[in-house]
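Participant: First to last, the sequence lines map onto chains A and B. Counting in the numbering used here, the first sequence runs from 42 upward without gaps. Counting in the numbering used here, the second sequence runs from 31 upward without gaps.
Covered stretches of chain A (in silico footprint by chain B; criterion: 3 or more residues with CB under 8 Å from a CB of chain B, positions within the stretch not fixed):
| no. | segment |
| --- | --- |
| 1 | 155-164 |
| 2 | 167-176 |
| 3 | 253-261 |
| 4 | 286-293 |
Examples of chain A residues toward chain B, derived with CB under 8 Å:
| no. | residue |
| --- | --- |
| 5 | L299 |
| 6 | V300 |
| 7 | I304 |
Just so you know, these hints were derived from the structure itself, not from any lab. None of these values were measured; they are calculated from a predicted model. Where is the CB? At the ideal position from N, CA and C, for every residue including glycine.
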Amino acid sequence: MTDATDVAHNPERPKGSWVFRCGLLLVGAHLFIAVLTLFWTPYDPLDLVGLRLEKPSLAHWLGTDRLGRDTLTQIMVGSRIAMIVGIGSVALGAFIGVTIGLLAGFATRVWDDVLAAVLDILIAFPVLLLAMLVVAASPQPSLWTAVLALGIAMSAIVARLTRILVKRVLQNDYITASRCAGTGWVRLVWLHVLPNIWPFLAVNFALQFGMAIIAEASLSYLGLGAPLPNTSWGRLLQEAQGTVYTSPLGAIAPGVALVLLVIGANMFADGLRDIADPTRRNER
Amino acid sequence: MRRTAILIMSLLVASLVLFLLLRLLPGDPAAALLSVGADQAQIEAARAQVGSDLPIAKQFASFLADMFRLDLGTSFVNNASVLDEIGARLTVTIPLALIGFMLSMMIAVPLGIISGVNTDRWYAQVISVISQVGLAVPAFWMGILLVLVFSIKLGWLPSGGYPASGWDKPGSVLTSLVLPAITIALIIAASQLRYVRSATLDVLGSDYMRTARAMGASFPEAFMRHGLPNGSIPVISILGIELSTAFLGAVVIERVFTLPGLGSMLLTAIEQRDYPNIQGVLMISTLLVLIVGFLADVLQRIIDPRLRQSKGLMQ
Numbered sequence: 042m043t044d045a046t047d048v049a050h051n052p053e054r055p056k057g058s059w060v061f062r063c064g065l066l067l068v069g070a071h072l073f074i075a076v077l078t079l080f081w082t083p084y085d086p087l088d089l090v091g092l093r094l095e096k097p098s099l100a101h102w103l104g105t106d107r108l109g110r111d112t113l114t115q116i117m118v119g120s121r122i123a124m125i126v127g128i129g130s131v132a133l134g135a136f137i138g139v140t141i142g143l144l145a146g147f148a149t150r151v152w153d154d155v156l157a158a159v160l161d162i163l164i165a166f167p168v169l170l171l172a173m174l175v176v177a178a179s180p181q182p183s184l185w186t187a188v189l190a191l192g193i194a195m196s197a198i199v200a201r202l203t204r205i206l207v208k209r210v211l212q213n214d215y216i217t218a219s220r221c222a223g224t225g226w227v228r229l230v231w232l233h234v235l236p237n238i239w240p241f242l243a244v245n246f247a248l249q250f251g252m253a254i255i256a257e258a259s260l261s262y263l264g265l266g267a268p269l270p271n272t273s274w275g276r277l278l279q280e281a282q283g284t285v286y287t288s289p290l291g292a293i294a295p296g297v298a299l300v301l302l303v304i305g306a307n308m309f310a311d312g313l314r315d316i317a318d319p320t321r322r323n324e325r
Numbered sequence: 031m032r033r034t035a036i037l038i039m040s041l042l043v044a045s046l047v048l049f050l051l052l053r054l055l056p057g058d059p060a061a062a063l064l065s066v067g068a069d070q071a072q073i074e075a076a077r078a079q080v081g082s083d084l085p086i087a088k089q090f091a092s093f094l095a096d097m098f099r100l101d102l103g104t105s106f107v108n109n110a111s112v113l114d115e116i117g118a119r120l121t122v123t124i125p126l127a128l129i130g131f132m133l134s135m136m137i138a139v140p141l142g143i144i145s146g147v148n149t150d151r152w153y154a155q156v157i158s159v160i161s162q163v164g165l166a167v168p169a170f171w172m173g174i175l176l177v178l179v180f181s182i183k184l185g186w187l188p189s190g191g192y193p194a195s196g197w198d199k200p201g202s203v204l205t206s207l208v209l210p211a212i213t214i215a216l217i218i219a220a221s222q223l224r225y226v227r228s229a230t231l232d233v234l235g236s237d238y239m240r241t242a243r244a245m246g247a248s249f250p251e252a253f254m255r256h257g258l259p260n261g262s263i264p265v266i267s268i269l270g271i272e273l274s275t276a277f278l279g280a281v282v283i284e285r286v287f288t289l290p291g292l293g294s295m296l297l298t299a300i301e302q303r304d305y306p307n308i309q310g311v312l313m314i315s316t317l318l319v320l321i322v323g324f325l326a327d328v329l330q331r332i333i334d335p336r337l338r339q340s341k342g343l344m345q
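Hey, can you work out the whole structure from these sequences and the hints?
Facilitator: Below, the structure is given as structure tokens:
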């Protein structure tokens, strides 16, 4: 354990909060742009507003794509898809994962072992492959297929983490005390288990948000993501790859937007971890 | 023995999960065989051909029996043997993943150790920032960027494609695998580096290093003799996962560089709803991922004698 003086003099501490604020700023900026596009964009994202593959100009800051659509507008709209898929899939994964994890944490030995074994195996599958499997099995790809696929694919990781955290919390004396006082298990979860595990889960969710953004872009790049007219960064990059010889900027700019958001989410997670778990502040 | 039993159990559970996911999600595999407007009799016939009219338990039993005989069936689209097709595709994917993986080790291990040993130096900070950025870069975009630099700007390497002659001309195969392999290497190295760095930090703070130094060993001596063997244990435990990541990263990378590997087979199969091909590719991928995990485990036991004695750790 770190004592009070140690924490106060910890040289990592200001850095931790700096990382947290920086992450918050990056994610917040993307969120702002995503909301802004609901009301205003420089051009209509699907309108052919210029010549094909125009170079950057005052009218089109990042040029136009192979059909003459404004690249900046498309990237801005892309952050909306990223946000919807990122937040949606993390929320779905959290709901499924935390439920299963809680059940496993409270289950009898046999059921717990079975669930733990199944989760271990599911985790061996990378998220993207599981998501591709779900997309493959769904009849009509849509924005929600991507959310569903990534949410299901990420839920195993959440379930395993929740299970471990629940087991650890349940060993505490205050749980025994509460049980002796006659607390039912639903109330126990609500009063003692969830409040004690959520900081660790939140860190995980922030990391998974970044993972989901990358996975969604990959799915869209492979042609398995949200279909037209949804403008995903992955599809922008896939389209721009064809014209990369003549207009490289189109194949760079959407990627930069994506990387900034993912770095933001990762920094946010790092900062959150420092807040949730002061003993880990020195590890980075 | 015990590990082998776990491997077989994992395979069984994995095939059950795969089977259920492909069956329980909406959409009948028989629909893939039919054109729009098929009548009831045609649907029945297609279902009988695919076997989706049988009770689910029976379907799973015959699925398992087929898997056991390594009979992956034939493609819905061109009736080719799924196993043969996978075999041909693996001659692209496995070398790609292995080369990428080895390159990533060559990047991550030295850089990880350097940045762990000299945490305060400016280059350690630079390495740390680069790996942080690398973690946020999608593999396919890394591929596009490398094409932009090395194929378009510098003109050193092809931007994609694969020689039709295959491994008959190893030179041209290797040329076409260089950029894809580097792409995979850079992506994996970003996360590998962090493991190596944190293992190095653990080693440097350990009592045995201090003891060795106190007994007069120089820093390089102590590090080579005590640090490396101990530090490699946690790193090896994640090597299995990293190698699997390399293998599956190939799925996306093959599309970027239009390589005819397992990944492009899976994508084509998904586009065509070719269920035997989808199932076959996923089953073989799972098999490979599990075997790699198994081997990493065995390797870990060879290196770390403590793991050999205690069964308890594996529980």
